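*Asks:* Listed below, chain by chain, are the residues.
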Amino acid sequence: MKRKTFLRAGLATLSIAAMAAMSACSGGDSGGGEAGGSGSETIALGFSQVGAESGWRAANTKDIQDTLTEENGFKLSFSDAQQKQENQIQALRSYIAQGVDVLAFSPVVETGWDAVLQEAKSANIPVILTDRAVDTTDDSLFASFIGSDFVAEGQRAGDWVVENLGKDLKVVELQGTTGSAPAIDRKEGFGKAIEGTDIDIIDSQTGDFTRAGGKQVMEGFLNSHDDIDLVFAHNDDMGLGAIEAIEAAGKKPGKDIKIVTIDAVKDGMQALVDGKINYIVECNPLLGEDLAEIAKKVVAGEAVEKRIVVEDAAFTQEEAAKVLADRTY
Amino acid sequence: MTRIYKHRLFWPVVALLALLLACTIKRPDILGISVLDGHLFGAPIDILRNSSPLLLVSLGMTLVIATRGIDLSVGAIVAISGAVALTFIASSSNPGSVGTAIGAIVVALGLCVILGAFNGLLVANFGIQPIVATLILMTAGRGVAMLITNGQITTVNSAPFSKLASGFVLGLPVAALIAYGVFAVVALVVRRTALGMLLEAVGINPEASRLAGVKSKTLVFTVYVLCGLLSGLAGLIFAANTMAADANNAGLFIELDAILAVVIGGTSLAGGKFNLAGTMIGVLIITTLTLAVTVLGISPLVTSLFKAIVVIAVTLMMSTRLRAMFGSLRDRRRYQEVGA
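So the sequences go chain by chain: A and B.
Counting in numbering that gives the first Met the number 0, the first sequence runs from 0 upward without gaps.
Counting in numbering that gives the first Met the number 0, the second sequence runs from 0 upward without gaps.
Here chain A stands alone, though its shape is the one from the complex (with noise of 0.2 Å):
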């Protein structure tokens, strides 16, 4: 860690001097992984992460870059996308001219990589995607995907608010990032457990994943609507922003209106401990270990499952407070 850290600092002080107009973050650590021979022990791996929007992802980037180790019999490149397509599928194009053993990456949005996953099948590198999938018709492109299923998790959230909120609600819905898989499976997975209830889905809007975006959607719902029930955040960050929004309209979150998010990263965990929030259905971001079993059986051409659903919790407020302290995210 302290090592990345430092070459960041390099490359930052760098690119000031030179006035590249390039990130510092996207330039990463991909200039570090030399051409890991394939016959060696370590698998070299690169993997393209979509960037550091939530809490969530930052959980997510520390396990795969403390499980992927050379201890563990690996050799990270790891790059920061920034939420850019084109930063990943430039960063997936330099790991293939490295000629790394496996490529691995969570795209940012669904659709457009066909080309690049081409690429990367014509240069004999399995492709694995973690967290999020891709929309494509060919599925030999990848050899497997590990993540959690969005839709369950919005049915999850929404089973448990028809089991234990009552019958007749009026839900304000915070949305992810629009057209995102998380926030288009989420959004469908909560309707679909609400359906044929009288829980109603009164506005809906997107708060792109953050706080500040959370809080400033829920001020204007507060303002339009004076009957809210209950908040449904597509994730953590967005819920701790409407509590606050929620706070100053002078009503208290948990009681007076109903959280229900998904993600269960510490801050959120927290809130629900205090009785912020009323329910967090948990989306695991420790998919290290996963990527790390599957990685080592594509180099060795065993054959994996194509899809493996990550298994998440979901926790109540009296479960959360049991949890907290053991909690690594």
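A hint or two may mislead.
Estimated spans, in silico, between C-beta atoms of each pair [as the list claims (entries may be wrong)]:
| hint | chain 1 | residue 1 | chain 2 | residue 2 | range |
| --- | --- | --- | --- | --- | --- |
| 1 | A | His-224 | B | Ile-308 | 24 to 32 Å |
| 2 | A | Lys-166 | B | Ala-17 | 56 to 64 Å |
| 3 | A | Val-322 | B | Val-112 | 42 to 50 Å |
Part of the chain B face toward chain A, derived, beta carbon under 10 Å [claimed, not checked]:
| hint | residue |
| --- | --- |
| 4 | Lys-25 |
| 5 | Ala-116 |
| 6 | Phe-237 |
| 7 | Asn-240 |
| 8 | Asp-245 |
| 9 | Leu-290 |
| 10 | Pro-299 |
It should be emphasised that the hints constitute simulated quantities derived from the structure, not laboratory data.
Keep in mind that this is a model prediction, so the values were computed, not measured.
Yeah, the Cβ is synthetic: ideal placement off N, Cα and C, and Gly gets one too.
Using the hints, position chain B against chain A.
*Replies:* Frame of chain A, contents of chain B only:
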């Protein structure tokens, strides 16, 4: 009547009122202000408070643009300022104390002055084109903010610091008092002294103003430093709003919003004459637009389109050439009527 119609802020004000009207039609009580826990509460107060960071950034941007420059690095400075302040608080032994909060503010603003001076040095002393000079910090700055926060979203609990964004004094939000207060002070200083005129002179013709004895280098350097400082202040309010330093998203694209506010306000990007009141109207339009999207229930899928249409409408209405065209059409019709 025609004089009001011809005023250059006529259309921006109409646009602002139209947005508020649209919200009122949808929600008749939206503009109501109530008293809650001893302070004012309601959508207009939210607009004032949420417009604070953008107002500060746009104020700096207006002055920079007046000198024929532009500052693209404001968003990155917003991110750096928040990152520094919250990291400072997080690493202190007593995060909740007033002293720590003041220390964080001083350190963050100090760094932002240095960053502004860096821009000013490149533009004023080395003669690098402003768009290129500030592009450096715009791209590298976010990397610096990421370094400071170590790629994480730093969150802290500090009651005094959070007052910057969510506190109230005399029933009004602290953030708005700071932003509009600073705005008033800068406007007074610029307009009640010769400073504003000198800035315009530099913007209209740098060489001529230098020959006339205006210290253009010092002036240009100073506006970039001021712009950095104001962006830093905006960054503090932004960070205090959610008490989280988000290096990736804090102030993202705020440079574009600020430039837009300046243009809506009738200041030309070619430099020279600037209009601070216009910038304020522009900022209020942009902030109200965000509220309108929520109140009118516009689908997230078409939000950007809706905003674009409003902006295009305002800028078209303000275009002198277009207005001249309409004017001549009307005149011609009048002639025809007379002729018939």
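*Asks:* If a hint holds in the structure, say so; if it does not, say that too.
*Replies:* Structure-based check of all given hints:
1. Range check, His-224(A) to Ile-308(B): about 26 Å between beta-carbon atoms, so the 24 to 32 Å window is met.
2. Separated by about 40 Å at the C-beta atoms, Lys-166(A) and Ala-17(B) break the suggested range of 56 to 64 Å.
3. Between Val-322(A) and Val-112(B) the Cβ separation comes to about 45 Å, which falls inside the hinted range of 42 to 50 Å.
4. Because the smallest distance between the Cβ of Lys-25(B) and any Cβ of chain A comes to about 7 Å, under 10 Å, the interface hint for this residue holds.
5. A cut of 10 Å between beta carbons decides the hint on Ala-116(B): the least distance to chain A is about 14 Å, and the hint is violated.
6. Hint status for Phe-237(B) relative to chain A: holds, with the closest Cβ pair at about 7 Å, below 10 Å.
7. Checking Asn-240(B) against chain A by beta carbon gives a least distance of about 6 Å; that is within 10 Å, so the hint holds.
8. Here the hint on Asp-245(B) is kept, as its CB sits about 6 Å from the closest CB of chain A, short of 10 Å.
9. Among the interface hints, the one on Leu-290(B) holds; its C-beta lies about 5 Å from the nearest C-beta in chain A, closer than the 10 Å criterion.
10. Using the Cβ-Cβ criterion of 10 Å, the hint placing Pro-299(B) at the interface with chain A is satisfied: the shortest such distance is roughly 4 Å.
The structure is inconsistent with the numbered hints 2 and 5, although it conforms to all the rest.
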